[in-house]
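Asks: Spelled out, the chains give:
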Amino acid sequence: MELKDKLVSSFLAFEEEFGGENDDLHNIRNQAIQDFERIGFPAKKEEAWKYTSLNSVLKHDYSFFPKKDDSLEYRDIKDYLIDNIDTYDLVFVDGVYSSHLSQTTHDKIDVCLMSSALCKAPYKAVVDNYFNKIAPKTGLNALNTAFTREGAYIHIQKNKMADKPIQIINLSTGKESAMLLQPRNLIVVDENSHVQIIERHQSLTDRPVLTNSVTEIFAAKRAIVDYYKIQNDSTSASLIDNTFIEQQSESFCSVHTFSLGGKLTRNNLNFYQKGEHIDSTLKGVTLIEGKQHVDHNTLVHHIEPNCESHQDYKGIFDGNSTGVFNGSVVVEKEAQKTNAYQSNNNVLLTDKATINSKPQLEIFADDVKCSHGCTIGQLDEDALFYLRSRGIPKREAQGLMMYAFANNVLESVKIPELKKRINKLIAEKLGVEVGFSL
Amino acid sequence: MLKIKNLHASIDDKEILKGINLEINPGEVHAIMGPNGSGKSTLSSVIAGKEEFDMTQGEIVFEGEELSELDPEERAHKGIFLSFQYPIEIPGVSVTNFMKAAINAHRKANGQEDMRANEMLKLIKEKSEMLEIDRKFLSRSLNEGFSGGEKKRNEIFQMAVLEPKLAILDETDSGLDIDALKVVAKGVNKLRTKDNAVLLITHYQRLLNYIQPDVVHVMVDGKIVKTGGKELALELEEKGYEWLKPEQV
Numbered sequence: 001m002e003l004k005d006k007l008v009s010s011f012l013a014f015e016e017e018f019g020g021e022n023d024d025l026h027n028i029r030n031q032a033i034q035d036f037e038r039i040g041f042p043a044k045k046e047e048a049w050k051y052t053s054l055n056s057v058l059k060h061d062y063s064f065f066p067k068k069d070d071s072l073e074y075r076d077i078k079d080y081l082i083d084n085i086d087t088y089d090l091v092f093v094d095g096v097y098s099s100h101l102s103q104t105t106h107d108k109i110d111v112c113l114m115s116s117a118l119c120k121a122p123y124k125a126v127v128d129n130y131f132n133k134i135a136p137k138t139g140l141n142a143l144n145t146a147f148t149r150e151g152a153y154i155h156i157q158k159n160k161m162a163d164k165p166i167q168i169i170n171l172s173t174g175k176e177s178a179m180l181l182q183p184r185n186l187i188v189v190d191e192n193s194h195v196q197i198i199e200r201h202q203s204l205t206d207r208p209v210l211t212n213s214v215t216e217i218f219a220a221k222r223a224i225v226d227y228y229k230i231q232n233d234s235t236s237a238s239l240i241d242n243t244f245i246e247q248q249s250e251s252f253c254s255v256h257t258f259s260l261g262g263k264l265t266r267n268n269l270n271f272y273q274k275g276e277h278i279d280s281t282l283k284g285v286t287l288i289e290g291k292q293h294v295d296h297n298t299l300v301h302h303i304e305p306n307c308e309s310h311q312d313y314k315g316i317f318d319g320n321s322t323g324v325f326n327g328s329v330v331v332e333k334e335a336q337k338t339n340a341y342q343s344n345n346n347v348l349l350t351d352k353a354t355i356n357s358k359p360q361l362e363i364f365a366d367d368v369k370c371s372h373g374c375t376i377g378q379l380d381e382d383a384l385f386y387l388r389s390r391g392i393p394k395r396e397a398q399g400l401m402m403y404a405f406a407n408n409v410l411e412s413v414k415i416p417e418l419k420k421r422i423n424k425l426i427a428e429k430l431g432v433e434v435g436f437s438l
Numbered sequence: 001m002l003k004i005k006n007l008h009a010s011i012d013d014k015e016i017l018k019g020i021n022l023e024i025n026p027g028e029v030h031a032i033m034g035p036n037g038s039g040k041s042t043l044s045s046v047i048a049g050k051e052e053f054d055m056t057q058g059e060i061v062f063e064g065e066e067l068s069e070l071d072p073e074e075r076a077h078k079g080i081f082l083s084f085q086y087p088i089e090i091p092g093v094s095v096t097n098f099m100k101a102a103i104n105a106h107r108k109a110n111g112q113e114d115m116r117a118n119e120m121l122k123l124i125k126e127k128s129e130m131l132e133i134d135r136k137f138l139s140r141s142l143n144e145g146f147s148g149g150e151k152k153r154n155e156i157f158q159m160a161v162l163e164p165k166l167a168i169l170d171e172t173d174s175g176l177d178i179d180a181l182k183v184v185a186k187g188v189n190k191l192r193t194k195d196n197a198v199l200l201i202t203h204y205q206r207l208l209n210y211i212q213p214d215v216v217h218v219m220v221d222g223k224i225v226k227t228g229g230k231e232l233a234l235e236l237e238e239k240g241y242e243w244l245k246p247e248q249v
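Chain order of the listed sequences is A and B. Anchor point for the first sequence: position 235 equals 235 in UniProt numbering, and the numbering is continuous, going up by one each time. Anchor point for the second sequence: position 166 equals 166 in UniProt numbering, and the numbering is continuous, going up by one each time.
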């Protein structure tokens, strides 16, 4: 049976087992499965999916009923956590919340589970207001909504600051021969509040995993949200990340995406600016090899005047790897004095690596500053000569230069320990040593 | 030490060097002067092995070995060092890490183990003090945001650490104020021994007040048109290059 048919026909059984008693939610799910049945998975003939085919990842016979597994210990997963700073941790194993690996809170801020938020009274107002409100009606979003069960629920109340970063870790154990995971995260950051979040998906074996994740983020007036995605999974794990952010006036939101491994990774990242003096930042480093594929599909929707957006994506492609950057900026007629910047720079290390880079600017206002730049090239020969003239062999010199190329995206990472980790990951991938200091 | 015979080199089929002959012995300091566009910087790049130049004729022999088939890093391992006119910025790679990579690459090429960390710290500290380089400077990204003077001082610092046999200083004096120039010159002079040699490429006589050359060459249009002692530099300062056209020699 095709995956789509299998999902549709299993919906009722899933509802029965995990649906709970929230009627509103039940209706939302029912609507969603109908939408998915109608729309289905995206096909290559759709413009937004022209360079990314899901065929190879949809062919597996996935299990999608979460099963509880308590066998993992902290030591099994600590490599995937930033473990030497104090954090709140939400750890999910095969789609099920793992309480003994997590650290949640309800002290002034809520860092807890979607499954409880969806069915418990204290959260009802927030869920009614925000759940499934900004995710566009695509087949993938509808599928996630229909099967929504678990994920992170984070609510930072007005004038509060999350006192430490929050890590959302989704692990898969390979207990099933193939696993489909659909985490659903809701993050609401009220006025004058601040939060830092790190998200990671990690498969612990070589068995196929497909994750179709949906995250909705709401930043109220003057809220600050810093979101970091670490994508460094095994080559049998694929990820479709759908993240939607709505910002109110004077809010600052940034999303950094580090795509360093995985079979197929698709990042759908949309920002909606619903006020003035908003700042949206989208940055990414892609560093892949072999047959890996990473697709960044971004949208910044400038709706009101006097806002800014900054997009900076850098990619290094080795082997037969393929990359896509499809960056849209829409500036509505009312959005005068918009400053929108976009840059996408790529280095191809072999003749077989490819990148399709497609900036899309739709500007309906006349008093705006919008720029976009895209480069695809090899490493700078003069710089390479400089390093080699100091005795550094060509391969190592290339590694250092790629490190330097990717490095400036890291400048804006605000959690020092995270920055150090990512630096190290990138340096290791490039075979350079940069940890020596006086 | 270095023998260049009838060297011709071109880039994109345009000939820049048109028959250079030059011999440098251990312990000597040579200066090559000449107007802009005469090929001085090309000569230094060709000696160091920059691949975009085609050596069409002639030979470069360093310590008895023909260099033309060697990669830039192999030439560096043999003891050739080029101080760049425009040092390249490498964000995210600190001066210290860069030096560590360079030192260990040299050692590896000579069949030695990596240098121990404390030994390396000592070496870097000693050489940076010699060039009056602040410690904080060493943890900054290589050349990123450095002033012109800092970049040049950093080049000489690298030279001091790597201790080359032949140091080629390409327009090291350009962009330096007089104090920075003195520090750089002092560093170069301290590194002079009877076994190593220096080739100074310069547009102005100024640097030669601080680093005294044994031999001065004048290069015009891809050829060395005149060779003399250090007094030749003063003459050039006074008269300019106009009187030295290639056809007059």
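It should be emphasised that the hints constitute simulated quantities derived from the structure, not laboratory data. Backbone N, C-alpha and C define an ideal beta-carbon position, used for all residues, glycine too. Keep in mind that the hints are not guaranteed to be accurate.
[What the hints assert, rightly or not] Chain B is nowhere near these chain A residues, computed Cβ spacing over 10 Å in every case: (1) Leu3; (2) Glu15; (3) Tyr62; (4) Lys108; (5) Lys124; (6) Tyr130; (7) Lys137; (8) Ser177; (9) His301.
[Stated by the list, open to error] List time: in silico DMTMM-like cross-link candidates among lysine to aspartate or glutamate, alpha-carbon distance up to 25 Å: (10) B/Lys190 - B/Glu63; (11) A/Lys424 - B/Glu144; (12) A/Lys358 - A/Asp318; (13) A/Lys160 - A/Asp76; (14) A/Lys4 - A/Asp61; (15) A/Lys394 - B/Asp71; (16) A/Lys78 - A/Asp35; (17) A/Lys6 - A/Asp35; (18) A/Lys424 - B/Asp12; (19) A/Lys394 - B/Glu231; (20) A/Lys419 - B/Glu89; (21) A/Lys414 - A/Glu176; (22) A/Lys158 - A/Asp69; (23) B/Lys14 - A/Asp380; (24) A/Lys414 - B/Glu144; (25) B/Lys136 - A/Asp61; (26) B/Lys5 - B/Glu89; (27) B/Lys190 - B/Glu231; (28) A/Lys420 - B/Glu144; (29) A/Lys414 - B/Glu89; (30) A/Lys6 - A/Asp69; (31) A/Lys429 - B/Glu144; (32) A/Lys394 - B/Asp177; (33) A/Lys394 - B/Asp12; (34) B/Lys194 - B/Glu129; (35) A/Lys424 - B/Glu89; (36) A/Lys59 - A/Asp35; (37) B/Lys14 - A/Asp318; (38) A/Lys68 - A/Glu191.
Asks: Hint by hint, note whether the structure agrees.
Replies: Hint by hint, here is what the structure shows:
1. Leu3: It holds; A/Leu3 is separated from chain B by about 42 Å at its closest Cβ, greater than 10 Å.
2. Glu15: holds, 50 Å
3. Tyr62: holds, 40 Å
4. Lys108: holds, 38 Å
5. Lys124: holds, 48 Å
6. Tyr130: holds, 39 Å
7. Lys137: Holds: least Cβ distance 42 Å, greater than 10 Å.
8. Ser177: Per Cβ check, A/Ser177 is outside 10 Å of chain B; nearest 42 Å; holds.
9. His301: holds, 32 Å
10. B/Lys190 - B/Glu63: Holds, because 23 Å separates the two Cα atoms, which is no more than 25 Å.
11. A/Lys424 - B/Glu144: Answer holds: A/Lys424 to B/Glu144 is near 21 Å, not above 25 Å.
12. A/Lys358 - A/Asp318: Satisfied, since the Cα-Cα distance of roughly 20 Å is no more than 25 Å.
13. A/Lys160 - A/Asp76: Given that 25 Å is the threshold and the Cα spacing comes to 33 Å, the pair is violated.
14. A/Lys4 - A/Asp61: holds, 11 Å
15. A/Lys394 - B/Asp71: This hinted pair holds, its Cα atoms lying about 9 Å apart.
16. A/Lys78 - A/Asp35: violated, 39 Å
17. A/Lys6 - A/Asp35: holds, 15 Å
18. A/Lys424 - B/Asp12: violated, 40 Å
19. A/Lys394 - B/Glu231: Violated, because 42 Å separates the two Cα atoms, which is more than 25 Å.
20. A/Lys419 - B/Glu89: holds, 21 Å
21. A/Lys414 - A/Glu176: violated, 37 Å
22. A/Lys158 - A/Asp69: Violated. A/Lys158 to A/Asp69 sits at ~36 Å, over the 25 Å cutoff.
23. B/Lys14 - A/Asp380: holds, 22 Å
24. A/Lys414 - B/Glu144: holds, 21 Å
25. B/Lys136 - A/Asp61: Not satisfied, since the Cα-Cα distance of roughly 57 Å exceeds 25 Å.
26. B/Lys5 - B/Glu89: It is violated: about 34 Å lies between the C-alpha atoms, which goes past 25 Å.
27. B/Lys190 - B/Glu231: holds, 23 Å
28. A/Lys420 - B/Glu144: Given pair A/Lys420, B/Glu144 holds - Cα atoms ~20 Å apart, limit 25 Å.
29. A/Lys414 - B/Glu89: Holds, because 24 Å separates the two Cα atoms, which is no more than 25 Å.
30. A/Lys6 - A/Asp69: Roughly 24 Å separates the two Cα atoms, so the pair holds.
31. A/Lys429 - B/Glu144: It holds: about 23 Å lies between the C-alpha atoms, which stays within 25 Å.
32. A/Lys394 - B/Asp177: violated, 35 Å
33. A/Lys394 - B/Asp12: Holds, at about 23 Å.
34. B/Lys194 - B/Glu129: With a Cα-Cα distance of about 23 Å, the restraint between B/Lys194 and B/Glu129 holds, given a limit of 25 Å.
35. A/Lys424 - B/Glu89: Within the cut-off at roughly 21 Å; holds.
36. A/Lys59 - A/Asp35: holds, 21 Å
37. B/Lys14 - A/Asp318: violated, 34 Å
38. A/Lys68 - A/Glu191: violated, 37 Å
Taken one by one, the earlier hints fail for this structure at numbers 13, 16, 18, 19, 21, 22, 25, 26, 32, 37 and 38, listed in ascending order.
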